[in-house]
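Enquirer: Residue numbers (full-length UniProt numbering), protein chains in the order written: chain L, 1 to 62; chain D, 1 to 62; chain B, 1 to 62; chain V, 1 to 62; chain Z, 1 to 62; chain F, 1 to 62.
You can't tell identical chains apart in this list, so a pair holds if it fits in one copy or across any two.
Below are the DSS-like pairs computed for lysine-lysine, each with C-alpha atoms no more than 30 angstroms apart in a straight line: (1) Lys48 - Lys22; (2) Lys62 - Lys22; (3) Lys22 - Lys47; (4) Lys61 - Lys47.
Keep in mind that the hints were calculated from the coordinates and are not lab data.
So you can see what is in the structure, the chains are spelled out below.
6 protein chains.
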Amino acid sequence: MPTINVQMFEGRTLEQKRAFVKAITEAACTTLGSSPESVDVIITDVKKDNWATGGVLWTDKK
Amino acid sequence: MPTINVQMFEGRTLEQKRAFVKAITEAACTTLGSSPESVDVIITDVKKDNWATGGVLWTDKK
Amino acid sequence: MPTINVQMFEGRTLEQKRAFVKAITEAACTTLGSSPESVDVIITDVKKDNWATGGVLWTDKK
Amino acid sequence: MPTINVQMFEGRTLEQKRAFVKAITEAACTTLGSSPESVDVIITDVKKDNWATGGVLWTDKK
Amino acid sequence: MPTINVQMFEGRTLEQKRAFVKAITEAACTTLGSSPESVDVIITDVKKDNWATGGVLWTDKK
Amino acid sequence: MPTINVQMFEGRTLEQKRAFVKAITEAACTTLGSSPESVDVIITDVKKDNWATGGVLWTDKK
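The shape of chain L in the complex, shown without the other chains:
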């Protein structure tokens, strides 16, 4: 606890994910007082075919 689920577009590199989970975890520890080992971050890579805003899939936006 906390458990943090992140949905983002696919295409981030491993290096970006590595930096992201480290920064998110530090943010949780600093502001909530969590211990690092209690923080789980789970990333879901979402294709632009599978995410719409305003009723339009991102794969169709220009």
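Given the coordinates of chain L, assemble chains D, B, V, Z and F onto it according to the supplied hints.
Expert: Chains D, B, V, Z and F only, in chain L's frame:
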């Protein structure tokens, strides 16, 4: 807001998803008064190996 | 299938939710070919204290 | 109802998933009094690149 | 890992939840080979006003 | 995008949540290159009656 997460079996075409997110978004705007740009729809394609009803995976149902 | 999870701000009336789940379900049936009984819609009411966009809680936006 | 979403590391065999969903469903029926057909279990396979504990991706743990 | 999210109707007693999370965790350990301490179960209590099947809220079903 | 869902124990103050969503959003912008306005953070407050680790509800742990 709203953010709408949809889990469905994989296999829908892009054309079906396009129609689906458009229809869902219109439904939200009409009934909740949301503005279209505030509606996110995120689809998760689920394999029949990964979904069970009644304790049986759909890949095993006949 | 599909299972549709909706996160929205709290405060919608029962009448709005009733219309919303009916419209969403019809949208899924029409565009995906689902049977109505296979469509679940689960609403989560989110407080403005618990949703942030751009790093600011909605309770703090003016 | 209930709807049970399970996030686990990828790599489980179909046989393991088959046994798992059967056991989970029986556990829900026995302890909650649910009927089997009302229990949905949806598995999400997560890559070790996409799950961090303590700020470190599992792909980087030794 | 695994992390198990359960959505169920509100109204279960603490005793039922206690038995449920114990049984679910044992099921995961037996079938997946997880260690007990690696299994998280998070319950979400859903009101009948907030869950629809077939386009009808459960609060409206007879 | 990204959309960040956080499950944590209830009891955090509004001030803690305010600092948390700000820090999480900055972490996402810095490491992923997201624009702040594209980052949603949604918090779910979980009761200790509703979260188990190792098969034991946190309300029962000492």
